[in-house]
Every structure is written in structure tokens, then in C-alpha cells.
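Given these sequences and hints, build the entire structure.
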Amino acid sequence: MKLLEYQAKQQFAKAGIATPAGRLARTAEEAEAAARELGRVAVKAQVPVGGRGKAGGIAVVDTPEQARAEAARILAMDIKGFPVRSVWCETGLDVAHEIYCGITLDRDRRRMVLILSGAGGMDIEQVAETQPEMIAKLWPDPFRGPQAYEIRQLAFTALRAVPALAERAGKLAAALVPLVQTLHRLSDSLDAVTCEINPLVITAAGDLVAADGKLEIDENAEYRHRDLAAELARDSVGDDGATGEDPYEVEAKRRGLTYVHLDGYVGCIGNGAGLVMNTLDLVKAAGGEPANFLDIGGGARADVVRNALDMVLSDPNVRGVFINIFGGITRGDEVARGIIEARDELHITKPLVVRMTGTREEEGRKLLQEAGIVPGISAVEAARKIVELTRGVQGGVPPALTGGQGGFPPEKGED
Amino acid sequence: MKLLEYQAKQQFAKAGIATPAGRLARTAEEAEAAARELGRVAVKAQVPVGGRGKAGGIAVVDTPEQARAEAARILAMDIKGFPVRSVWCETGLDVAHEIYCGITLDRDRRRMVLILSGAGGMDIEQVAETQPEMIAKLWPDPFRGPQAYEIRQLAFTALRAVPALAERAGKLAAALVPLVQTLHRLSDSLDAVTCEINPLVITAAGDLVAADGKLEIDENAEYRHRDLAAELARDSVGDDGATGEDPYEVEAKRRGLTYVHLDGYVGCIGNGAGLVMNTLDLVKAAGGEPANFLDIGGGARADVVRNALDMVLSDPNVRGVFINIFGGITRGDEVARGIIEARDELHITKPLVVRMTGTREEEGRKLLQEAGIVPGISAVEAARKIVELTRGVQGGVPPALTGGQGGFPPEKGED
Amino acid sequence: MSILIDRYTRVVVQGITGREGSFHTEQMQAYGTDVVAGVVPGRGGSTHLGVPVFDTVADAVTATAADCAFIIVPPPFAADAIMEAAAARLPLAVCVTEGVPVHDMIRARAVIDGSSTKLIGPNCPGLLTAGECKVGFIPNHVARPGSVGVVARSGTLTYEVIQGLSQAGHGQTTAVGIGGDPVLGLTFRDVLELFAEDKATRAVVMVGEIGGSDEESAAELIGKGYPKPVVAFISGRTAPPGKRMGHAGAIISGNRGTAQSKIDALTAAGAVVGDTIEDVVRLVGERLGVHSQR
Amino acid sequence: MSILIDRYTRVVVQGITGREGSFHTEQMQAYGTDVVAGVVPGRGGSTHLGVPVFDTVADAVTATAADCAFIIVPPPFAADAIMEAAAARLPLAVCVTEGVPVHDMIRARAVIDGSSTKLIGPNCPGLLTAGECKVGFIPNHVARPGSVGVVARSGTLTYEVIQGLSQAGHGQTTAVGIGGDPVLGLTFRDVLELFAEDKATRAVVMVGEIGGSDEESAAELIGKGYPKPVVAFISGRTAPPGKRMGHAGAIISGNRGTAQSKIDALTAAGAVVGDTIEDVVRLVGERLGVHSQR
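Protein chains in written order, with our numbering: chain A, 6 to 420; chain B, 6 to 420; chain C, 51 to 344; chain D, 51 to 344.
Keep in mind the hints are simulated off the structure, nothing from the lab. Some hints here could point you the wrong way.
As a list, the in silico BS3-like pairs of lysine-lysine whose alpha-carbon atoms are at most 30 Å apart [claimed, not checked]: (1) 274/C <-> 142/A; (2) 142/B <-> 7/B; (3) 168/D <-> 142/B; (4) 274/D <-> 142/A; (5) 19/B <-> 19/A; (6) 168/C <-> 142/B; (7) 142/A <-> 168/C; (8) 274/D <-> 142/B; (9) 258/A <-> 219/A; (10) 278/C <-> 168/C.
Chain A side only, calculated, beta carbon under 10 Å to chain C, not exhaustive [as the list claims (entries may be wrong)]: (11) 113; (12) 146; (13) 225; (14) 228; (15) 229; (16) 233; (17) 265; (18) 267; (19) 277; (20) 279; (21) 288; (22) 289; (23) 298; (24) 331; (25) 364; (26) 383.
The beta-carbon is built from N, C-alpha and C at its ideal position, and this holds for glycine as well.
What follows is the structure, given as C-alpha cells:
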């Protein structure tokens, strides 16, 4: 869950990190009022993607009237597919230097990594590649957090690389200690996988101010941060219900499914991310194009399977579905029951290829057979079969498959 | 710094630990208003000592009028030397069981120890002696804090010892996890050396409520908790300036001196707690009675020495002063300068015995000699000398010592 | 011979009375796993599935000498359960829980690093020593005893590989599903090191996927002269960059973590990489043939 | 021979530019201590008292191979300075700072326990190896080389004992002031263990005081057959119970920690306890006499 800039800054401010004064505006009128209160401001589109500046989503205005006009323009924008629902109106800073300060997950070290750089305002991954000496890293003990001496070491390493900062490194290091400790506590308490201030502005007066903020919350921990999710939803869903995200993925999220929408025509359902990824690979290797990734997860029950089939078939580009189940925690009988229910209740007529093996596969196969469905071919063969059945079809229902077999003719007699 | 019950409970409540509803009252009228709001309440004297119940400092009242009368009575009390400045008016609880939960410093383990006991409402040290099986202890890692599984282990150990609690141990253990973690965070963030809930009430409904609270803040960390100290001062200092504490010790604290008031007549000043304690031991061994303990600490400067002499001599029981200095961080010349200044400015006429050795003792001795003072005898001899000079004196100024020598005749010619 | 678990392993199940905990305990018992205890706080003193239940892992270990924890508890309690297993000095803990918050796991992993406990998981299918013991979800009927070690990130692909190997007549020593979370216990490299020491294991199958760089790290080990043939498979080769594919942590950033970078690293290190599971099975057959002719 | 420090010890002073830091660095230099570096964040690159100053301890160690930290910083920064010294793997850190918050010290002590660094202090006078090296406050002129080891809680009583011993002709090996705070580094017991191993030390003087139970713990060690005579002194015998006597942590709770309980424990363990410092000096003379006649 990626928070919007203003949400991140509100979290920073609440924790005691200095941020520029600002107001959120959801209408041009609110932006005008904010500018009347704050004076000269930047009007910034609130969207969960980067590159909004280049896209024209930021305007610096001198008067409330300008603020109103620019806010109206920006609120009508759509940036990289995300409709702008709100703007953040923020006062400017007297910038002397821009540095970078962030905390993010380091998969290789199995820890959060704290990154400090004298090169702020830029893409930190690019800096890491082109000027590695500008980057200092620290992997704090997760219980202890970064200690003052560690942060000072980090600061001296990062700041000495910048001649303009080297002289004031002592003062900056001292100021960075509480800021970095606060940021770390924040990343911890918010379950952030990324918690970044870029640029972290050193003002002419020597203060450190967070001029931009990025906060991404771990999806597994969203249950601990329902309030932020609700706030985010309020700012990203318009009156029309649109969020800028893929409508199929929004629907899948609503249904509680792990689904990724793709451009092809073969619906893919499986249990376990690895298996589904492999299913996509097999479909592609057989010459087909997957329409989606849908993982029903471990221990999925019959209703989940039905839900998944319904979801996949809601995409009109889907010409047929490949269901690939290897039961470990998922049980064959549950899956079979789900497929049977789905066929009956959803009146499915498009071709389905079911490959089932693993825990309770006997029971599952028996159920399917009793219902007139024959599962059991290998994954590679199943992929070839579904591609064969869907490749020539130009959308809609293939004439050969509209019979009374409930959409499962391909399975017949293939075991 | 020992917080009052209501301060501790406010801290508990702010952290999310359930406490009974209550109001602070500094007058009988306020207590009446509180009872009107809360109904049946206990009116409890707020003093930083135990045993107030036995002393009559707690009254349970049914009506606002009774609350007024009892508050008036209690606010006029003096409990173990502490005048009652405020009462805490608190609603009652439907008590099913009382248990104990506390965190305190364990010197031997160099850690905080978390103590849980099924025997609440009693003196925990007595329980530890008579029913050790009723006590469970945990020494959490200071960075990690107590983990849920550790608290459950603690809870099962403590609660299984009480038949009435053994059956509900699972539910209680689950409820104790967040409570104990909160208490630990609180002791950490408040720099508490003791943080105790006794009794921790299990209500008939099965909830855990802190029915009493004790919070003692580490003196070395008071600089981090000025707000609490200010609040405490407001509630413990009356309009008359009295706090119930020893007036000499209050004055010493105001002066920033480490001073303990005792019953004797020999003033004792030294640098370093060990040295001063030994000074007291020597005075007593020589047949005298120390009037105080005063440690001017390490690195004390001239003005501190003068301040100390002024403090000690403010006690009219003091017949003479033994200054025992062994310079390590404290420098002889600074001490000498302080003594000379004090003699001149305070017009000291009572006998002083100065024993000085250590860092810059040469310079110090030279200064004292130039000013007509002779230091340098051993500590044991100095103790004998001061006792000899003060033992026969019945207060006031001994006739033999009122000459023009500025009060330092004993030192003459003894080096 | 095997790694990590065998017929003498004594398992304590943390969360034994839950729906999934009960089901998989029964499956493990049916496979022959010696489940000696369960732990559910507040249920101490009872019996479930013929096994004594305790309030704490420490109690269970004292009473039953358990030496392996099977952790099947809801996500908010998983990290604590792992720490409890480590505090009880269990040599092995297997956590199958999916959806554990990453900060929880970072803390749990730090505790594991300072302990004598090896952790497998979370969000993994667990492990199985063919014909002797299983701890986790791997279906009972797919494995057969033999000489191939299996290590995989994805649960379902673990099953696929085991089944494929078994059907082709290549039995297994131990199959380990290490799980797909970004912060986990044993990695490919750790498990490869264990297989290197296991005399019964003659070849290793490694099933990786996009995301992270654990496959690259394993390739580094293989490149230093790994003593046994390694046949690898990488799934997610057709996943579009920047799309997160479910819970597997399969997210691609920059050049690192792509299927191609992993395949290249493994090939360069001397492993052979199959295009499909069928391929992998065939390649194992070739290697074992070559190997057994020595 | 000596313990902990000697003529080869290379000292880095954390807080060298402060008033007290400067004064005591000069005193240490005058005693012959090899002060090789100072650390003051933001002052890196400068020189103070003829010694290079660095921003961090790590920098100082890299540049000068310092092997002992002298920490003389204000109380809010003391715990951090101790952790920094430990992170730089200095074998010894001596913190003289008074008034360190107890929770800070609990954390610092936990870090020390997990490190290779020995800590002395805080709130201590430091230590001195007679004629070779001093790290801390012990006055330069009181000690003289010899064969008595000294360990004391109180700073000023450390000086008293050293001076008394020197004046009576009993030189010292090393004198260690461990400090009076409730949470500290090396304890009486730890230092006694070091003296037991030091060939040059023929007798040990131990100066305790009321409060805590470290003297009792030391008595336990002595009772197990300590190889050298121990002469002890306990101050605070006339302190009224329940009165906290300054910063020494000298607070009496229950029966534990009283002067009498300490004297009894030490006597029972085979140590001899003097009534005054003069007594202690005399008793040392007797013990050394007996000892040297062997």
C-alpha cells in the first residue's frame, strides 16, 4: 500500500520531522483557500506514482486565483492512468542543499537498510550505480534500531563525499541522529517496506526539512493500519468509483483474490504463486497468451475456486481457462466441488482444462468424474490443450463448445 | 523521583492500561464536585509514602457531602511527615481477584526485572520470602522487551500457583501480554526504576484494571522528564512552601547539593560518596555524631565548596565541620579557594578541620597556608580532632574559637 | 541418510488445535511423522489427535524431548511462535504460515540468527524426508525414497518436481520448500550446503523463481566447486516486469532478480537449467546416470 | 605484570576537547599514558594536546590502532559512547561519566555483554597500573609499583587505599575503581578473577560499600579457594538504613546490602576485613609478610 505524499508527510510531521506547511485540497476552491492562508505555494497532484512533475502535475503559484486555476487544471488530469483526486498545497523552502534519507527492505540481508546520501532529489538507484561513494548504508539491528554513533558514522561517510557539506558534517550529523531515529521508529511502527525522504532539504538556516515523502506499507501488515488504508481509499476512489488502477485488479482485490491482469486470452488459475507463474510460462511456451495470473493460495476452499472462475471469466478477452491444481494444503475434493458449483451456477460455456493432482486427488477426481468432468492430464499437456482450444478463437464463444457438456468437453477421455 | 498515585495512573491510562475513573481534587469543594460526577468514590490522600490506608488517608464515601467532609479531613492530615496536598477521588471496582505486576531494577542482573504474582495487594518482598512459588520473574532483553511468549510463560507460572486462577490462566495470559508490554514500554520511556501495579484487579467481568500505581523515576534521567517533575512539585509543595520532606534536604536540593540530614553535630563534607560515608564512619568511630552527609562530587569547583559549607552551617546543631578532600577529579587548589572564600564571606567562626590530599594538593595547601590555614593531617586524626573540638560544646560558639584566626585554629601547626 | 529430519525426529505442533493445524497433523501422522506434542496457550493438559497439548513450547520440550517445531498459527502470532521455538532451543522450526508481516519476520530472523535453531519458512510447504518423516504440507503420496535432494521456493512447484522425479523412478532424500517470502530462514545456499554433506544425496534439484537474489547467491556457492550435480529450474520467465505475482515476493527490480539473470548465473556456475519440470526430471536422469557410472 | 592496562596500552579519549577531558588527558599524559587519539564528532582532522582528533571511534582505531577507550562525555551521551567503543572492538573501555541514566546503562551493558569489550564504570575513577599507565582520575602521585592489587567501588577511597599502601611501602600492580552505579561493567568478582591470574599480584585489597550484593558475590568467589590473600574494607557502616547516600547507589534494602552482611560474607569466605583504611594497610603488610615467608 503506497501512501500519497501528503499522508507520508503527515506521518513525518506527527513523528516530529519538520515538513513544509501545507493543506490538502480536493477542489479548486479548497486550493484557493489554502493559498490565501499560506501565500506562495506549490500545488502538487496526489497520485501514487512518480514522475508527476514531468507530467505537469506540479505548479508553483503566487496568488489564490492562480492556485484555483492550476488546481482545477491538475484535478482534471490523469497521471499514468491515475486520476488526480486531490492536490497538496505547500509553502516553499529556502533550499541550501538537498540530501537523501531513506529506509527500505533489503531482501539479501533480511533486514531494513538505512540509506543516506549527499545526492538528494535524484533516483537513489541511479546514484548507487553511477556514484557509489555518495551512498552510505546501515543495516540496524531491528530491536536496537540505529544507535546515535552508527548514524553519525553513516552521516560522516555520506557527507564527506560532498565538498559543500564536508565542513558542516559535524552539525549535520548531530541533527541527523534524532531525525534518522524517528524515521526508523516510524518505519517500524507503520510496517513500512519503504520510508523515504527525498529530497531532505538543508535550508539556508541549516534546518533539515522533508520536502517530499514516500511511504509504502507492507501488505501483510495492512491489518494493523486500517486507518491509513481507509484514508488512502478516500483519496484515490472518485465519485465514479474509479481509482486509476486496473479495473479487473480492483475487482479482484474486492473479491479477496490475488490476481494480476495481463493482455492475453488464456485464463490461468492455480494454487501457489510458483505454480501459477509456471502455468503462465507453460501457456506461453505452448504458443498462447495468458490473460491473467490468479493464485487461489494455500488451503483454498470450494467457494474460493468458484469466485476465481467467475473473476477470470469477467474479462471478455478470456477464451478459455486453464485450472492447474497441485494439492498440498489445497485439497482436491474442495477444488472439484468448486469447479462443479461454478459450472452449474455460472453456466460456463467456454473451454476449461483442469489439471489436478496432490492431496485428496482421488476424492477430487472422483467428484469431477461423477459430475461428468475428466481431469488428470499433465501440466505441459494441459497447457498445449488449452492453447489449442483457444488460439483460433476470435473472442466470444467457440461454436464447437456450446453443447450440453457444461463447457468441459476437452477433458473427456483424456486421463 | 516518586510520582503520586494519580500521576502514575494517568501515565498508565495514557499508555492504554485500564484504570478506574477518577478526578484529582486539591480542595474539599473539588472532591465534592468529583463525587457528584462519579458517584460512590474512594477519597485517597496523595502522598509519596506507603501506609496511608492504615493512617486514615483513604475514605470510601457514598454522597458528595461525605466526599466533601472526608476530603476536608484528609487534606488537613500529615502522613508520615508529608502534608496531604491533594486527594484522588476514584470509582470502585467489582473485584474478583487481585494480582501483582511490576517492573523494577535488579542490581544483581544489571537489568530490569518483570515480576508477576497471583498474590496481589500485598508487599511483594514479603510474598517473595514466604511464598516464593507465587512469584514469577523475567529479565527481558532491554532492546527487545518482553516477548509475548515470555509473558505467557511468566503468566502460566505465576497463575498456576493460585487454584482460583489456574482455570482461566489461558485467557489471563492472553490479556497480560499487551498489558505487560505496555508497562515495559512505559518503564523504558519514563526511565522508571520502579513501575508497579499492585493490586492489578481482575474484575468480575474478567478485565484487568490497575487499582493502584507506583512509578519512581531514575534521578539521573530526570532531565528527560521535567514535565512530570513540575507536576509533582505542584502537588507536593504547599502555599507555605512545605513539602513534608526534611527542610534541610529540600534546601540542599535547591542548591544542587547531594546532602542527607542526620541527627548529630559534626558537619561532614567530602568529595565522593565513598569518602563521605567513610568520613561519617570515622567520626562515629572517634565518638562523635555526624550532622549530615554532603558529597560535593567529582570535579567540584570553588563555588560548590562555599555553597556546601554554607549549607552545612545552616543547621544550628552543627558545632564544627570536617572537610575531607581526596582530589582525583577534584583539584586541591579549587577546594582551597572555596574554603578561603567561604571563610571570608560567611564569617565562619565554628571549628573547621580540613584534610586535603590528591590532585593539586601542593597548590591547594599553598593557597590555604598563604591564607593562614594549615591542612594536611590524616583522615583518622582529623576525625579525632573534630570530635575533640565539638564533643564538649553544647551548641552555639565555643569561647576558645572566636578569635581572629577566622575559625581555623585547629589546623595550626599540625602538619 | 537425509538432511534436517528423519525417522527419529520428534515434532511439536504449535497451533495443533486449529482447523489447518489438525488436518496437517493428521496428514503428518499418516506419513509416519512422530508428532510428540502440541502447543496451544490455555489448552495445556488436554490431548488432541492422541498427542498431549501444552501451554508453552518450553513445557512441551521438557515433557516430550521434542526436537522440531511445526508452526501453523495465524500471521500475527507467527514471529512470536518462531521466537518461542528458538528460546526452547529446538534444533529446527518449520513455519508454514502465509502473510507474516515483514517487520515481524526481520525481528524473528534476528532472534534465529542469535540462536541454535534453524528456521524453514515462513510461507513455505515445509520439508519431507522420503519414507521417513514430513513436517509441512507436501502431499503424502508423491515422494519415494532415493538419492535426489530437492530445494524449492514455491510450494506447488516442490510437489511438481517431487512427483515428476518419483514417476521417472528418481527417488528423493529430502525435499525442502524454503518459501517465497523476502525474509525467511534457510536459503537455497544454506540447504545446498546441507545436501553437500549428505552422503545419500547424489544430485540436487533447485527450483527458483524471479525476485530477490538468493538463486544468484546459490550460484556463487555452486561456482566454487559444488560436489554434486545441480539441476535448476526458474519459474516466472514470462512474468511482465514490475508486476507483483502473488505472495511469492516475485517482483522484479532493475536487472537483478530477473529469470534470465538467475538462469545465467546458475549456468555460468556449472548448474544445468531446465526449461520445464519435465526437462528437469530428464536432466536429473542424465546426471544420475553419468554419476552412477563413476 | 598487571591487569587490563600496561605501558603498551594505546588510549583513545572520547570527549577529549571538553574541559574535564582536556585536564585529565594532560594528567594521563603526564603519568606516561600513551594517548594516541581523541574522538569528538565534527572535530575530525584537528589536533588537541598533540593528539589527532577523529569524528568516530572507528576512524580513530583504524588510524592509530588504539586499544582502550577513555570515555569522558556528558551523561546523555555516555551509553552511546560505550556502544561505539564496543562496536569498534576495543578490548577495554573506561567510562568515568557520573549521572548516566540507569536505562541507558542497562542497554549499554547488554551491548557490552554481546561484545568482546570489557567495560569499567561508569561513574568510576578508572584504573591505574603503577608506574606504567593510568586511564581515569586516580591522582598521579599516590601510586607506586609493587605487588598489591586494588579494586574499589568508591573513587576517593581508591585513592585513600593506594596512598596508604604506598606510604607503608606496599606498592601496587593495578588499582581498579569499578564505580558505584547500580548497573556497571566489571564487578568485584570479575576483577578478582583477573588478579587471580596475574603473577605479579600477591595480595588484593577490596574496598566495598553498602548497597547491592556485589561484595557478597565476590565473597562467593573467594570462598571457593581464591589463590591470594584478600583484605577488604566496607564503608557506610554507620549510614542509617533507607537513606540514599549520594550517587554511590548506597541504599540499603532489607538485610541484603548492609555493611554487616558484606563483612560477614567476606569473613566467612576467608577474607580479612579491616575497620579503617589504616587497618587495611596494616593487614596487607601482615599478609604480604606471611606470604613472602613461604
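So, going through the hints one by one against the coordinates:
1. 274/C <-> 142/A: Measuring from Cα to Cα gives roughly 28 Å; hence the hint holds.
2. 142/B <-> 7/B: Answer holds: residue 142/B to residue 7/B is near 23 Å, not above 30 Å.
3. 168/D <-> 142/B: Distance of about 28 Å is within 30 Å: holds.
4. 274/D <-> 142/A: Violated - the C-alpha atoms of residue 142/A and residue 274/D are around 50 Å apart, more than 30 Å.
5. 19/B <-> 19/A: Judged against 30 Å, a Cα distance of about 17 Å means the pair holds.
6. 168/C <-> 142/B: holds, 28 Å
7. 142/A <-> 168/C: It holds: about 28 Å lies between the C-alpha atoms, which stays within 30 Å.
8. 274/D <-> 142/B: Measuring from Cα to Cα gives roughly 28 Å; hence the hint holds.
9. 258/A <-> 219/A: Satisfied, since the Cα-Cα distance of roughly 23 Å is no more than 30 Å.
10. 278/C <-> 168/C: holds, 23 Å
11. 113: holds, 6 Å
12. 146: Hint holds; residue 146/A Cβ to chain C Cβ min 7 Å, cut 10 Å.
13. 225: holds, 5 Å
14. 228: holds, 8 Å
15. 229: holds, 7 Å
16. 233: At 14 Å from the nearest chain C Cβ, residue 233/A fails the 10 Å test, so the hint is violated.
17. 265: holds, 5 Å
18. 267: holds, 7 Å
19. 277: Hint holds; residue 277/A Cβ to chain C Cβ min 3 Å, cut 10 Å.
20. 279: Holds: closest Cβ of chain C sits about 2 Å from residue 279/A, inside 10 Å.
21. 288: Nearest chain C Cβ about 8 Å off; hint holds.
22. 289: holds, 4 Å
23. 298: At 5 Å from the nearest chain C Cβ, residue 298/A passes the 10 Å test, so the hint holds.
24. 331: At about 4 Å, which falls below the 10 Å cut-off, the nearest Cβ of chain C leaves the hint on residue 331/A intact, so it holds.
25. 364: Since chain C brings a Cβ to about 5 Å from residue 364/A, closer than 10 Å, the hint holds.
26. 383: holds, 8 Å
In the structure shown, a violation is registered for the earlier hints numbered 4 and 16, in ascending order.
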